[in-house]
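Chemist: Respectively, the protein sequence lines represent chains A and B.
So the number in our numbering is just where the residue sits in the first sequence, counting from 1, plus 65.
So the number in our numbering is just where the residue sits in the second sequence, counting from 1, plus 166.
Derived by calculation from the structure, the hints in this document are not laboratory data.
Be careful, since some hints might not be right.
Computed spacing ranges between beta-carbons, pair by pair [claimed, not checked]:
hint, chain 1, residue 1, chain 2, residue 2, range
1, A, Ala162, B, Ala228, 45 to 53 Å
2, A, Leu172, B, Asp352, 55 to 63 Å
3, B, Ala228, A, Leu241, 36 to 44 Å
Treat the numbers as computed from the prediction; the structure is a model and nothing was measured.
Don't be surprised by glycine CBs; every beta carbon is placed ideally from N, CA and C.
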Amino acid sequence: MSDTEASTAAVPAKSSAVAVLIAVGLGALVAVGLGVFGKVHEPQFFSINLAGFSSGLAVKAWLATLAVALALFQLGSAFAMYRLVPGGKAPSWIGTAHVWSGRLAVLTSVPVAVHCLYALGFESYDNRVLFHSLFGCFFYGAFVTKMILLTRKGLRSWVIPVVGGLVFFGLVYVWLTSALWFFQTNGVTF
Amino acid sequence: MKIRGPIVTLAAVAVLGVGILLINMSKEGPAPANPYSQSTTTAAATPAAPPPAPSTPPPPPAFPAKADYVGKVPTANGTLTLEITVDGDKAIAYACDGNTVESWLRGNAVNGAVSLANKDKTSRLEGHLEGSAIVGTLSIGEKKWDFNAPVAQPPAGLYVYENAGVRNSWIVDSTGGVTGVQRREDNSTAPAPKLTTDGIANIDGIEVKAIRVEGDSNV
Numbered sequence: 066m067s068d069t070e071a072s073t074a075a076v077p078a079k080s081s082a083v084a085v086l087i088a089v090g091l092g093a094l095v096a097v098g099l100g101v102f103g104k105v106h107e108p109q110f111f112s113i114n115l116a117g118f119s120s121g122l123a124v125k126a127w128l129a130t131l132a133v134a135l136a137l138f139q140l141g142s143a144f145a146m147y148r149l150v151p152g153g154k155a156p157s158w159i160g161t162a163h164v165w166s167g168r169l170a171v172l173t174s175v176p177v178a179v180h181c182l183y184a185l186g187f188e189s190y191d192n193r194v195l196f197h198s199l200f201g202c203f204f205y206g207a208f209v210t211k212m213i214l215l216t217r218k219g220l221r222s223w224v225i226p227v228v229g230g231l232v233f234f235g236l237v238y239v240w241l242t243s244a245l246w247f248f249q250t251n252g253v254t255f
Numbered sequence: 167m168k169i170r171g172p173i174v175t176l177a178a179v180a181v182l183g184v185g186i187l188l189i190n191m192s193k194e195g196p197a198p199a200n201p202y203s204q205s206t207t208t209a210a211a212t213p214a215a216p217p218p219a220p221s222t223p224p225p226p227p228a229f230p231a232k233a234d235y236v237g238k239v240p241t242a243n244g245t246l247t248l249e250i251t252v253d254g255d256k257a258i259a260y261a262c263d264g265n266t267v268e269s270w271l272r273g274n275a276v277n278g279a280v281s282l283a284n285k286d287k288t289s290r291l292e293g294h295l296e297g298s299a300i301v302g303t304l305s306i307g308e309k310k311w312d313f314n315a316p317v318a319q320p321p322a323g324l325y326v327y328e329n330a331g332v333r334n335s336w337i338v339d340s341t342g343g344v345t346g347v348q349r350r351e352d353n354s355t356a357p358a359p360k361l362t363t364d365g366i367a368n369i370d371g372i373e374v375k376a377i378r379v380e381g382d383s384n385v
């Protein structure tokens, strides 16, 4: 992917810093915006979903699990792209695989997130629910930040890995506070 | 990868999210029962279709005339068993941990939704029908939990026996398991004595028959 090569190019640090600030600002706006929507929108206790599962919650838990599985591949392929895995050069397809698995992961998460925001909303009645709400908003904010940063060349080399790591962290915690809880209380059911 | 790639990804996510949201919103209120009929591919056929009958919203899910729902609510300090008895447009719910925690709630059951509270309004239950189960939230004091209570067939249900200021309350679940709490005159609570499958309990040495609670019972 182009961002790895661009990192070594000498560019004015100022414009790079401004780009990062703008990207973080937009991501923060998205995160706060989602949270506000979830808080003020009257929960409908209903949202369209996939057929074939025992309940809407089961659909969400499994879609989230698929997204996390893809995210784990994201982590692995990112390590390969940055040559952090033993064995030297990464295969040439790893960049493309990283991009498409990431797209698939985030698209998989969208129906789940819409259900959360539309049917349930931002809630804080216990710690699990509060942290899930916070991490859910954070995840999409961090995702927006990373997508915007990917379009910039000449960022400092640590910027993309750090933001990518935050996106991964966000998704994993969203999963831990929802799907894992669902499987623990209901068993691993479809 | 082209530099536009991430923007395409962002756009795809936004389009998918907004799309699902719009479909959801189209199902709100007096929308047609089938949202998929609005897709563009059927646009040509739409004029031929008779106009929908005066836009009455689809009937909300309704409770059976009488029904019992039993669910388990995992909490930080053990499991609460929750029983909701719906009778007409009234409902009674009882939640207990089989040890010291219990709460009786009552209220209305209309349009597939129950909204219950205990006498001093410190406990609340909000739920709605989803399929044949009631899902919602239960709060006792400062604590609040999600619950999912599937419909249960008798003898599953709610039983009570009250005498001389001592109230014994039991929930019988779908598998025949019994959870109950006894409350004495001084408001102290303890596990309720055993309840047999035919509703007999031995309270302080006397065999009594527990009364099955209906939605309009006055407990």
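Chemist: Decide, hint by hint, whether the structure agrees.
Modeler: Each hint, compared with the structure:
1. A/Ala162 x B/Ala228: 45 to 53 Å: holds (51 Å)
2. A/Leu172 x B/Asp352: 55 to 63 Å: holds (60 Å)
3. B/Ala228 x A/Leu241: 36 to 44 Å: Holds - the Cβ-Cβ distance for B/Ala228 and A/Leu241, about 38 Å, lies within 36 to 44 Å.
Checked against the numbered hints listed earlier, the structure breaks none of them; every hint is satisfied.
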